[in-house]
Every structure is written in C-alpha cells, then in structure tokens.
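**Student:** Sequence:
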Amino acid sequence: MSDPAVDALRPGAVPPSPAGLSLDRLAGYLAEHRPELAVGPLRANLIAGGKSNLTYLLHLGDREVVLRRPPLGHVLATAHDMAREFRVISALAPTDVPVPGALLLCTDPEVIGAPFYLMERMPGEVFRTRAQTDPLGDERRRALALAMMDTLAALHSVEPSTVGLSDFGRPEGYLARQVRRWGGQLDRSRSRPLPGIDELRDVLAATAPEGANAGRIVHGDYRLDNLLASADPVAVHAVLDWEMATLGDPLADLGLLLTYWDVLGGSDTAAGNPVADGLGPRAGFPTGGELIDRYARRSDVNVGPLHWHVALGCFKLAVICEGIHYRHTLGQTLGEGFDRIGEMVAPLVAHGLTAARER
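Under the working numbering, think of the first position of the sequence shown as 157, with each following residue one higher.
Accuracy of the hints is not assured; some may be wrong.
[As the list claims (entries may be wrong)] Pairwise CB distance ranges (calculated):
(1) Arg-277 - Thr-251: 19 to 25 Å
(2) Glu-328 - Thr-251: 21 to 27 Å
(3) Thr-485 - Pro-191: 38 to 44 Å
(4) Glu-446 - Glu-192: 42 to 48 Å
(5) Thr-251 - Arg-326: 19 to 25 Å
(6) Ala-287 - Leu-259: 30 to 36 Å
(7) Ala-362 - Val-195: 55 to 61 Å
(8) Arg-190 - Asp-358: 47 to 53 Å
(9) Pro-250 - Arg-513: 39 to 45 Å
(10) Thr-251 - Glu-188: 30 to 36 Å
(11) Gly-440 - Pro-351: 29 to 35 Å
The set of hints was computed from the structure by calculation and includes no laboratory data. C-beta atoms are modelled at their ideal positions from N, C-alpha and C, and glycine is treated no differently.
Please take these sequences and the hints and turn them into a complete structure.
**Tutor:** Structure (structure tokens):
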C-alpha cells in the first residue's frame with residue numbers, strides 16, 4: 157500500500173515520510189555513508205503484503221532500491237534481525253540461490269527509528285492471492301511450485317563453510333531449541349486464551365527428534381509468497397525475508413512449507429484466509445506430497461516422515477499469527493489484512509496437535 161503523500165513533491169522538497177520511516181534522516185545518512193545513493197529527490201512507498209517486517213520501495217532519483225526494517229512496536233528479541241538478513245543474502249550472492257544484492261546495513265536505530273538495510277530491487281512478482289494465481293492455469297501453477305522446490309533444494313545444498321556461514325547458528329539441538337524459542341515468543345505475545353497451544357508446545361518438547369540433517373542453511377519461513385518469481389517464463393528471481401534464517405535441520409523448512417501449503421492452503425476452514433489465500437491445492441497447485449517428492453529428487457537431504465515437523469510448523473505459525481494479532485490490537489500494524497490474522501491460530505493449533513500425535 158503506497159503512501160500518496162510521497163508522490164506529490166515539488167522539486168528539491170523534503171518529502172513527507174511514510175509511517176515507520178524518517179526520510180529526512182535517511183537522506184542525511186545516505187549522503188554521509190553512501191553518497192552515490194543520495195542522488196535526486198528521495199521518495200518512498202510502503203510495499204503491501206508483508207505481515208512482519210516492513211518493506212519500502214525507495215526512489216533515489218532514477219534508481220529504485222528496497223529498504224527493510226522491523227515492525228512497529230512490540231518487537232520480540234531476535235525475531236526481526238536486520239543484520240541477520242543482510243549477512244545471509246550477502247553470503248548467498250555467489251551461489252545458485254537467487255537473492256537480492258545487498259547494498260547497505262545500518263544498525264543504528266536513531267537514523268529511522270530502527271535498524272534497517274537496503275537491497276537491490278529485483279524483477280518478478282510476489283504471488284500471494286487467488287487473483288494472481290488463478291489466471292496462471294494448471295501448467296504454469298505446477299511449474300511455479302516445482303521451481304519453488306528446486307530453489308529450496310539449492311539452498312539446502314549450500315555448504316555453510318564455503319560462504320562464510322559456518323558460525324551462523326548452532327545446529328545441535330536445533331529442533332528442541334525451536335520449540336523453546338517459539339514457546340518463549342508465545343509467552344511474550346499472549347493476550348487472550350488460546351486453547352490447546354500449551355499442550356501442543358508440551359507434546360513437541362517431549363518428542364523433538366535429534367535432526368539427522370542438522371547443519372544446513374535453513375530459511376525459516378520458506379513459501380511461495382516469499383519469492384519474487386515470474387510465470388512467463390516460469391522463473392524464481394529472488395528469495396526474500398531471511399529474518400529467521402540459521403543453521404539447522406532443513407526438514408523444519410519443509411514442515412513449515414507444508415503448513416502453509418496443505419494446512420492453510422488446503423483446508424476448508426481456512427479458505428480465503430489472509431495468510432495463504434493463493435497457495436496450495438485449493439488454489440489449483442500440486443499437493444504438498446508432490447512438492448516433497450520433487451524436493452527429494454533434487455536434494456541429498458534424508459526426507460523421512462514429516463508429521464513432527466508439520467506440527468512444529470503449525471506451532472510456529474500460530475505463535476507468529478498471535479504476535480501479529482497482538483500488534484494489531486495495539487494499533488501497531490501498517491497495511492491491510494491484519495484484522496483476520498488472529499482467526500488462524502485455532503485451526504493451526506488443532507492441526508498441529510493432530511500431526512504431533514501421528515507416527
């Protein structure tokens with residue numbers, strides 16, 4: 157959603173700032189630290205769609221770049237780490253994983269009100285809604301989904317030490333630590349009764365596997381609408397939103413992907429939801445099982461039963477949705493679609509409990 161005020165500027169004027177971004181301070185920072193970027197009038201638009209970190213398109217004279225910063229208010233520790241995102245896209249630049257070019261990292265919250273980074277604007281479209289995916293037809297939807305899985309397999313095949321990421325995380329005990337981490341986030345975001353969610357946390361904690369594939373680079377929130385892609389021809393141009401990337405078990409990426417794809421994108425109870433409206437079998441894409449088969453053919457990761465990992469995905473996404481719901485109740489969200497996020501928590505918890513009990 158753009159801020160119309162930023163487009164009505166007289167030449168040489170300092171533009172009004174969209175919410176969450178101080179353009180005058182940003183202009184001064186760029187003039188001092190990256191003068192080659194401080195050219196022409198600075199304008200900005202808030203890019204719609206994201207439900208977590210805020211993303212802006214900056215117009216720097218004739219050049220366009222993208223700025224990322226944490227959400228407003230109630231920011232949970234480590235959940236919106238700009239330096240982490242910047243480091244991983246910088247490291248993956250020479251690999252087969254498509255990422256935006258990293259331009260600038262600023263960890264000083266005094267400049268715009270929070271740490272931020274700049275990256276190159278990449279071609280492609282974020283496919284998020286049925287209005288975007290329905291016109292693709294069966295063949296292109298299938299090709300797009302398979303390209304998504306090929307890109308994930310390419311990510312998981314990158315050896316961390318070859319790109320300077322050997323210290324990017326602690327692979328040992330990653331899955332159990334994920335349960336503790338998201339349980340802690342839940343406790344800091346809890347603002348209403350959430351039946352079943354503590355039981356789900358307890359079941360996951362008691363049954364966490366060791367993680368035979370630990371030590372790979374995991375994205376942490378991999379799904380179709382975190383990609384910039386094109387459908388004619390089908391191609392993935394960039395993987396976005398690396399705020400939760402680390403070294404861990406790649407099966408966690410698969411479990412969360414299936415949560416978006418089959419649980420939210422395939423459930424009648426979640427039809428038309430604001431998280432995965434254009435994803436999954438309900439939107440005409442292949443089933444999650446077909447996607448996992450494609451991944452297994454392209455990857456050397458040992459893909460075993462994924463019930464526990466889907467349950468973890470349900471728990472993690474339920475906690476994320478609850479945190480966004482809490483920020484929305486405080487009036488700290490920007491854009492549209494936040495009013496229904498809280499409705500996703502209950503079905504995610506119910507499916508997570510079912511998946512956690514499967515063997």
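**Student:** For every hint, state whether the structure bears it out.
**Tutor:** Quick rundown of the hints versus the structure:
1. Arg-277 - Thr-251: 19 to 25 Å: Holds, at about 20 Å.
2. Glu-328 - Thr-251: 21 to 27 Å: holds (24 Å)
3. Thr-485 - Pro-191: 38 to 44 Å: holds (42 Å)
4. Glu-446 - Glu-192: 42 to 48 Å: holds (46 Å)
5. Thr-251 - Arg-326: 19 to 25 Å: Once the Cβ atoms are compared, 22 Å apart, the range 19 to 25 Å for Arg-326 and Thr-251 holds.
6. Ala-287 - Leu-259: 30 to 36 Å: Between Ala-287 and Leu-259, where Cβ atoms are some 32 Å apart, the hint holds.
7. Ala-362 - Val-195: 55 to 61 Å: For Ala-362 and Val-195 the Cβ distance comes to about 57 Å; the hint holds.
8. Arg-190 - Asp-358: 47 to 53 Å: holds (49 Å)
9. Pro-250 - Arg-513: 39 to 45 Å: holds (44 Å)
10. Thr-251 - Glu-188: 30 to 36 Å: holds (32 Å)
11. Gly-440 - Pro-351: 29 to 35 Å: Hint holds: Cβ distance 33 Å, inside 29 to 35 Å.
Hint compliance for this structure: no hint is broken.
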